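There are 2 protein chains.
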Amino acid sequence: MKIEVLNTGSELLLGQVLNTHLGYISEKLLPLGLRIDRQATLPDGPAIRDALEESLSRADVIFLTGGLGPTSDDLTRDILADFFQIPLDFHADIHEQILAYFANRKLTPPDSVRVQALVPRGAVVLTNDFGTAPGLYLHREGKHVFCLPGPPKELRPMFENQVLPAIRGLVPDVIALQQKIWKVLGLGESMVQEMVEKQLRVFPGMEIGYCARPGEVDLRLISSSTTDLAAAEQIVRETLGSSIYAENGQSMEEVVVKLASSKRQTIATAESCTGGLVAHRLTNIPGASDVFLRGWVTYSDQSKIDELGVEQLTLRTHGAVSKETAAEMAGGALRHSRADIALSLTGIAGPGGGSAEKRVGLVYLGLARLVAGQVTVDVIEKHFGQPREIFKHMAAQHGLDLIRRALLK
Amino acid sequence: MKIEVLNTGSELLLGQVLNTHLGYISEKLLPLGLRIDRQATLPDGPAIRDALEESLSRADVIFLTGGLGPTSDDLTRDILADFFQIPLDFHADIHEQILAYFANRKLTPPDSVRVQALVPRGAVVLTNDFGTAPGLYLHREGKHVFCLPGPPKELRPMFENQVLPAIRGLVPDVIALQQKIWKVLGLGESMVQEMVEKQLRVFPGMEIGYCARPGEVDLRLISSSTTDLAAAEQIVRETLGSSIYAENGQSMEEVVVKLASSKRQTIATAESCTGGLVAHRLTNIPGASDVFLRGWVTYSDQSKIDELGVEQLTLRTHGAVSKETAAEMAGGALRHSRADIALSLTGIAGPGGGSAEKRVGLVYLGLARLVAGQVTVDVIEKHFGQPREIFKHMAAQHGLDLIRRALLK
Chain A
1 MKIEVLNTGS
11 ELLLGQVLNT
21 HLGYISEKLL
31 PLGLRIDRQA
41 TLPDGPAIRD
51 ALEESLSRAD
61 VIFLTGGLGP
71 TSDDLTRDIL
81 ADFFQIPLDF
91 HADIHEQILA
101 YFANRKLTPP
111 DSVRVQALVP
121 RGAVVLTNDF
131 GTAPGLYLHR
141 EGKHVFCLPG
151 PPKELRPMFE
161 NQVLPAIRGL
171 VPDVIALQQK
181 IWKVLGLGES
191 MVQEMVEKQL
201 RVFPGMEIGY
211 CARPGEVDLR
221 LISSSTTDLA
231 AAEQIVRETL
241 GSSIYAENGQ
251 SMEEVVVKLA
261 SSKRQTIATA
271 ESCTGGLVAH
281 RLTNIPGASD
291 VFLRGWVTYS
301 DQSKIDELGV
311 EQLTLRTHGA
321 VSKETAAEMA
331 GGALRHSRAD
341 IALSLTGIAG
351 PGGGSAEKRV
361 GLVYLGLARL
371 VAGQVTVDVI
381 EKHFGQPREI
391 FKHMAAQHGL
401 DLIRRALLK
Chain B
1 MKIEVLNTGS
11 ELLLGQVLNT
21 HLGYISEKLL
31 PLGLRIDRQA
41 TLPDGPAIRD
51 ALEESLSRAD
61 VIFLTGGLGP
71 TSDDLTRDIL
81 ADFFQIPLDF
91 HADIHEQILA
101 YFANRKLTPP
111 DSVRVQALVP
121 RGAVVLTNDF
131 GTAPGLYLHR
141 EGKHVFCLPG
151 PPKELRPMFE
161 NQVLPAIRGL
171 VPDVIALQQK
181 IWKVLGLGES
191 MVQEMVEKQL
201 RVFPGMEIGY
211 CARPGEVDLR
221 LISSSTTDLA
231 AAEQIVRETL
241 GSSIYAENGQ
251 SMEEVVVKLA
261 SSKRQTIATA
271 ESCTGGLVAH
281 RLTNIPGASD
291 VFLRGWVTYS
301 DQSKIDELGV
311 EQLTLRTHGA
321 VSKETAAEMA
331 GGALRHSRAD
341 IALSLTGIAG
351 PGGGSAEKRV
361 GLVYLGLARL
371 VAGQVTVDVI
381 EKHFGQPREI
391 FKHMAAQHGL
401 DLIRRALLK
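Protein chains in written order, with my numbering: chain A, 1 to 409; chain B, 1 to 409.
Just chain A, same shape as in the assembly:
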């Protein structure tokens, strides 16, 4: 079964909005043994019709996103009706639902919402519980076309609850493809390949992929054999060891929160250069409140003194970006929070603030723990790249990894 995704919306081609639909849909399809063969992004307008025609010539299932809204650049309904030469029917019940949606929110619906109640004849209407635009599923001439709303918060529940069941019905005898992904911190892409690839080439039909990200690499294996994948997993784990920080869809913060929770350890953070990113990432994980107690964003010198008890003398002698300040920040955070582990970060995110001695990208990471009743602090020095967002991400990632490694001990 060939599958293509067509994402419509000039905003996607104009750089305003990132396409998150593609990743979402592919993650949902893989457990059914299905993969997306191709994806295209099209501007609002007649190009959608051409692309639909091309995709229908190759694929059995098309997911078409966007263009179902009430505004003048929303053309999907019209294009679909025109392409298959079927009329658009006005559905009074859908119109009622849309009006109720507005009424529930104490909003006045504009007249234009009426077009969202138009349905190409023969299409199944997919209910939208999180917006006004219903989705559409048209099965014609052996092809399956799913039209889905553009906003992710509307598309995702619709996909999960209505599209996936329909798709499952189309693939009764699924040979599930299984995917394993390991996330590796601190080794380059070519190094990871050199370490594992020869050993993995022995498994027939196994797909091996690498994806480089700033400071890290994803290693991805896809196979239809559970046995091969288990054997490969053992090889990967033995070869890459603790450089693997997560597998499959897990994020570093998820790993840290779960590990801390299972070990009943609590965490505090004292951030300067990362500006709250470590705390933000930890608190993205449901259940973070069991392990994360508190965090400080001590951006000014005075706040490092007031909140964490960093010595004025330390700041004067060594500077805010120093091994000594990082150590005092972590120690202060541990004492004030009474957490089991405290992480500190202080560095120069740039673009300004660097000097010949301390260049932009320099960062000190401190990790404080109670060892035999004594506050013990380890500090490491790292240099990360630009721009600012990448620097913050990499510093936070390595900070979280320090916590992870401490929790593993």
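To be clear, the hints were calculated from the coordinates, so they are not data collected in a lab.
No false leads were mixed into what you were given.
Chain B regions said to be covered by chain A (calculated; three or more residues, Cβ under 8 angstroms):
#1 16-26
#2 35-47
#3 179-193
#4 211-222
#5 283-295
#6 387-393
Owing to the predicted nature of the structure, the values given are computational and were not obtained by experimental measurement.
Note that beta-carbon positions come from the ideal geometry of N, C-alpha and C, so glycine has one too.
Once you have looked at the hints, place chain B on chain A.
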């Protein structure tokens, strides 16, 4: 001049990685009057060749990203050479540069990096200052094909410094298209359309677009007439007023930091449910250290008491998620930081923690300022949607908007 983008990499179709190249390239091309007509994502493998053939039949310029790495799934060089029937030459100087790249980082290069020194004959080599894979620019049969590395931190400087100058040479007599985007908080997509569209329809050839995001809408106008766009801007500003929080590429946090900086006001944050996201967003902006003094992530009850002076009685009587706690958090943050403005947020991010009385999604936002020497706090109540990330984003967005509106007064 027709332009298409081909993004290669199975990781893009498997949901591991978001495609950020498309947005980046389109933003860079628009000032030259150029727009991307179509984009496609292709898995590593022979589909790239088919897609290249199709795109070349329609477009004059192709940007092909990814597949230039040293690993076995990197096929762009081979496909290009095969497609145009040209040999691959080994460039010893490129090989030297790659080896130097590894040596500078005290890493041992694997043998596989040798393939990155292979260049299709006649192609211009684009230097990669941030990685090992050089880019390629092939001008054949009236078509321009740019092959660029997959990692954004390698692609972006290469695009800026080497690709854009080449593209500029291809469009000497540019009729620049101008784009204006306004970001609107607190009004729905159809409401914004109803308010502005009739007034904007008078401008011939002006393209009007809308893009809905959680809790907000982007309004986009594109025109080749500077005069029309200026007149339209006045209409938009008069109609939407202070609901417009940013224009063009600006983010809410950028607007807040610039506004605070120009008004010489300082900011502190006391976050519970947003877990540091407000501080993180503010500190993403270069120069944030001039206005952002410090932030607290008071996730536990005890931390609200210790760090911000919230009364035990308040927490016991009204709960951590209450108007009263939000007010004390903001007031405490203002006093302890001696900032001009302090923002507090306390709410229920979910999925757990809700009750019949206080449902998941409830949040209180407090804003404290000194007015005539007295700490004055205003608290508002909001309800935001799920999932957790969207809740955090919307709460942070409205919190930053409160600061913005306070700074406008």
